[in-house]
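J.: Here is what each chain is made of, one letter per residue.
There are 2 protein chains.
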Amino acid sequence: MDTPTLGYCIEAIRPLRDALDIVNGKWKLQILVALRVGHHRFRELERVIPGISSKVLAKELKDLEQHQLIQRTVHEGPPVLVKYDILPYAITLDPVISALRDWGEGHRKKIMGSAVEA
Amino acid sequence: MDTPTLGYCIEAIRPLRDALDIVNGKWKLQILVALRVGHHRFRELERVIPGISSKVLAKELKDLEQHQLIQRTVHEGPPVLVKYDILPYAITLDPVISALRDWGEGHRKKIMGSAVEA
DNA sequence: CTGGATCCGGAAAGATACTG
DNA sequence: CAGTATCTTTCCGGATCCAG
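For the record, the sequence lines run as chains A and B.
1 is the number of the first residue of the first sequence in UniProt numbering; add one for each residue after it.
1 is the number of the first residue of the second sequence in UniProt numbering; add one for each residue after it.
Don't read these hints as lab results, they were simulated from the structure.
A few of these clues could be false.
The list makes no distinction among identical chains, and a pair is therefore deemed to hold if it is satisfied within one copy or across any two copies.
[Stated by the list, open to error] Straight-line alpha carbon distances no greater than 25 Å define the calculated BS3-like cross-link-like pairs of lysine-lysine that follow:
| # | residue 1 | residue 2 |
| --- | --- | --- |
| 1 | LYS55 | LYS110 |
| 2 | LYS55 | LYS83 |
| 3 | LYS83 | LYS62 |
| 4 | LYS55 | LYS109 |
| 5 | LYS83 | LYS109 |
| 6 | LYS83 | LYS59 |
| 7 | LYS59 | LYS26 |
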């Protein structure tokens, strides 16, 4: 009754780790949402994602590209323009994003409610 | 066609941020899964969550407790035993965990497939 | 002006040892 | 067993700088 759960736990956790390795950090999912909503340029993303810095944005975009979630396209200018597009594979993350968003909404309401006590 | 999406994006991202603020990092969800599977003690969690250090585990447990996702109970000894239990509110995170786990499984298969090319 | 790179400082994560 | 102290390393954010 105790040994089975030990190995089982690793089993249950492993796919979670695989997903978190890609999606981890507070920015990647936000970037994907921004891309889906229709923002494609670097400065634009910087503007619609409050608090992100250009340095972090650049790094996250590279990570996302490396994981084949987005695509970077350079339109040789002048002026040189760079466009970021979401790839089909990133769409498969929609359930994850939806689940998080739903929970976030519920949590906000809960916080508001108990904030009356504080 | 451009202005509406600008405000809309912030709207879409905000609940996501709320959720990520709580669930952030790569450990919290793993800890919740381990607790659900039936591991309640500090060392036990350390063992079933590969790679976590005692310092980080201690900090994450405090965070989870503060957010009312888990409960810490001290059984005065000797020896002193501490038990961590998942609270009902943490169960509401199940859809998030399931979505991530499902995606993680699919992603692993995809990686395996393209690993043939590498 | 856009798309970044680089430097710097503080914060957080990791590894390990040690204490009650 | 349940953590903390300590040290090292990595990450994060801001500001600045640069090329086109």
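J.: Of the hints stated earlier, which fail here?
T.: 1, 4, 5
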